[in-house]
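In this text, residue positions in the sequence shown follow this note's numbering: the first is 104, and each later residue adds one.
Please note that the accuracy of each hint is not assured.
As the list claims (entries may be wrong) - Dumping the calculated SDA-like pairs for lysine to any residue here, alpha-carbon to alpha-carbon at most 25 angstroms:
1) Lys185 x Ser109
2) Lys161 x Leu114
3) Lys161 x Ser109
4) Lys161 x Ala172
5) Lys161 x Ser201
It is worth saying that the hints were derived from the structure and are not from the lab. Only a predicted model underlies this, so the values are computations on that prediction, with no experimental measurement involved.
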Amino acid sequence: MRNQQSTQGILSIVALVCLAAGWFNFFSQEINDLLSRKVFYVLIGISFFLQAPSLNNKNFMYAMYGAAALCVIGAFFPLGWKISGIKTIGLLAGIILSFSNRPNYRQ
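Sequences are here, hints too, so could you generate the full structure?
Put into structure tokens, the structure is as follows:
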């Protein structure tokens with residue numbers, strides 16, 4: 104489980120580097136678009152897939168798998184298609200599910 108969490112963390116950091124590279128135009132326009140609009144979502148989707156088994160609620164676990172699938176599948180649609188926006192829906196759903204699994208520490 105610990106190894107899986109570290110892998111997920113590394114994937115998330117690499118995904119953020121891809122997003123930043125695309126935003127700040129470190130490479131050619133084609134490479135920037137590939138990194139920030141495709142690779143980012145694929146890596147985040149894989150990260151969500153790795154996180155899903157750690158969710159306590161089975162319904163949340165299945166929803167996280169769905170969010171991961173939306174991210175990965177949406178990344179492969181052409182950018183001009185309106186349905187390619189499902190990757191953003193998957194990203195938002197995965198973030199919400201990640202926060203819902205945080206333990207509540209109140210003192």
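Here is how each hint holds up against the structure:
1. A threshold of 25 angstroms between alpha carbons decides the hint, and for Lys185 with Ser109 the separation of about 34 angstroms lies outside it, so the pair is violated.
2. Using a Cα cut-off of 25 angstroms, the hinted pair Lys161 and Leu114 holds, with the two alpha carbons roughly 23 angstroms apart.
3. Between the alpha carbons of Lys161 and Ser109 the distance comes to roughly 22 angstroms, so the proposed pair stays at or under 25 angstroms and holds.
4. Restraint check: the Cα-Cα separation between Lys161 and Ala172 comes to about 17 angstroms, which is no more than 25 angstroms; the hinted pair holds.
5. For the suggested pair Lys161 and Ser201, the alpha carbons sit about 13 angstroms apart, so the restraint of at most 25 angstroms is met.
In terms of the numbered hints stated before, the structure departs from hint 1 and from no other.
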